[in-house]
Amino acid sequence: MSLEVHLVTPEREVWSGPARMLVARGVEGEVGILAGHAPLLVRLAIGPLRILTDDEGERVAVVDGGFLHVTSEAGATRADVLASQAELLEEIDVELARARAAELEQQIQNHDTHLAEAELARVRAELRKAQVRIGLAG
Amino acid sequence: MGAKLRVVRRRIRSVQSTKKITRAMELIASSRIVKAQQRVEGSRPYAVQLTRAMEDVARYAGGSLRHPLLEERSPARRGGVLVITSDRGLAGSYNANVLKIAEDLREGLARRGLEPVVYVIGKKGAGYFRFRRVPVAAAWQGFSEVPPYEKAEEVGERLIADFAEQAIDELHCAYTDFRSAFTLRATAKRFLPIAPEEVTGTGPRPIHAEYLFEPSPAEILDHLLPRYLITKVYAALLESAASENAARRRAMKAATDNAEELIKVLTRQANRARQDEITTEIMEIVGGAEALAAASEE
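As you go down the protein sequences, you meet chains A and B in turn.
Residue 593 is where the first sequence ends in our numbering, and the numbering goes up by one at each step.
Residue 1592 is where the second sequence ends in our numbering, and the numbering goes up by one at each step.
Since the hints were derived computationally from the structure, they do not count as laboratory data.
All C-beta atoms, glycine included, are put in the ideal place defined by N, C-alpha and C.
Heads up, some of the hints might be wrong.
[Claimed, not checked] The following residues of chain A were derived to be distant from chain B, with all beta-carbon distances above 12 Å: (1) R475; (2) G484; (3) T508; (4) D510; (5) H524; (6) A531; (7) S539; (8) L543; (9) L544; (10) E545; (11) E546; (12) V549; (13) R553; (14) L559; (15) R577; (16) L582.
[As the list claims (entries may be wrong)] Label-pair ranges, simulated between beta-carbon atoms: (17) B:R1338 <-> A:E485: 23 to 33 Å; (18) A:G590 <-> B:D1516: 52 to 62 Å; (19) B:L1321 <-> A:V482: 42 to 52 Å; (20) A:E574 <-> B:G1356: 35 to 45 Å; (21) B:I1322 <-> A:L489: 48 to 58 Å; (22) A:Q561 <-> B:K1314: 41 to 51 Å.
Using the sequences and the hints given, assemble the complete structure.
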């Protein structure tokens, strides 16, 4: 029984390798994946992703939503994290995230009328992305 | 120096500097092809895995897969045409080829009784339609050489919104497929509605009875299908970017070769002009000497 994790975005493969466990935040709560897990398809929230690697280490990444897809074949479990954007902890630019968060908060504060409802939701999601990054790396 | 020689030398210098420029552009395009190809490669794992996830949902749902993005509309009234061109020229027939495909698409739609709705990416395409006074529903530019994923998202979301609002009932895309650095093919593909065969796949992978979905399969599909379309737009953008650079490299190589050829011809002309001048000078000297000799004999 083994577990292999692939963290991919449309632009690149962020991380892949064998792991003991994967913890992700789904829209309906946290999910933990061990080798031999039943097939699963979960929609992910904006949040951290923890990969406990085979060598007792831990890799932390941030994912901006997406999907977690778990499949098993002949005892080999494969977990694919498909995110539109993802960064490993060490790749996060905290300063950039802070600046971005401040700018977005500003936008929400003086949004009054010129921001449409959908636009406001998008700005909130962007802000959440920045906050998760600050929370993890800051 | 004679006038003729001076004129030819000036032309040689001008062609030489043109050659330097085209040669530089050729080298830049070459290095960009490699990068563009790497980006195409880098986008593949996500696309493959997304399709796999979608196939699982489709198979779990059995034949009862329903979603507005999968629904054929009849009668269809308006057909969207997304045309991917470049921002800059100097790429040979790259833009002409893809615009030809776009025109074929528009004609095909019109023949089926659909009103074509044009969406353009790239300055060259926007200029083409503006010149012909063809109304354009939306235009994007400024990223044809290195398309970022966010732009694909922006374009994809607009298209999905228009499809949902029935501003278009179908969507076709005209872009350039990068087969290899030597084979570029302007291609037309239908993007919407998504054909159910596309998502159900053909592999005999059996579906696990205890498959878990969170939230429900229908809700997941709701988020998967738009992602799938955006991924297709992104793939078309990346293929087009690689093609653009390949076309530019080829055009610039041809220009460099032509310049070299021209320099050869002009050098020959210059040499002949120089030789003529020398011959004339010798004739004058000999003529002068003879005249002097004749004068002193008298």
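How the hints compare with the structure:
no.: 1; hint: R475; result: holds (21 Å)
no.: 2; hint: G484; result: violated (8 Å)
no.: 3; hint: T508; result: holds (19 Å)
no.: 4; hint: D510; result: holds (23 Å)
no.: 5; hint: H524; result: violated (4 Å)
no.: 6; hint: A531; result: holds (14 Å)
no.: 7; hint: S539; result: violated (7 Å)
no.: 8; hint: L543; result: holds (16 Å)
no.: 9; hint: L544; result: holds (21 Å)
no.: 10; hint: E545; result: holds (20 Å)
no.: 11; hint: E546; result: holds (15 Å)
no.: 12; hint: V549; result: holds (21 Å)
no.: 13; hint: R553; result: holds (20 Å)
no.: 14; hint: L559; result: holds (16 Å)
no.: 15; hint: R577; result: violated (10 Å)
no.: 16; hint: L582; result: holds (16 Å)
no.: 17; hint: B:R1338 <-> A:E485: 23 to 33 Å; result: holds (30 Å)
no.: 18; hint: A:G590 <-> B:D1516: 52 to 62 Å; result: violated (28 Å)
no.: 19; hint: B:L1321 <-> A:V482: 42 to 52 Å; result: holds (49 Å)
no.: 20; hint: A:E574 <-> B:G1356: 35 to 45 Å; result: holds (39 Å)
no.: 21; hint: B:I1322 <-> A:L489: 48 to 58 Å; result: holds (50 Å)
no.: 22; hint: A:Q561 <-> B:K1314: 41 to 51 Å; result: holds (49 Å)
Hints 2, 5, 7, 15 and 18 from the list above are not met by this structure, while the remaining hints are.
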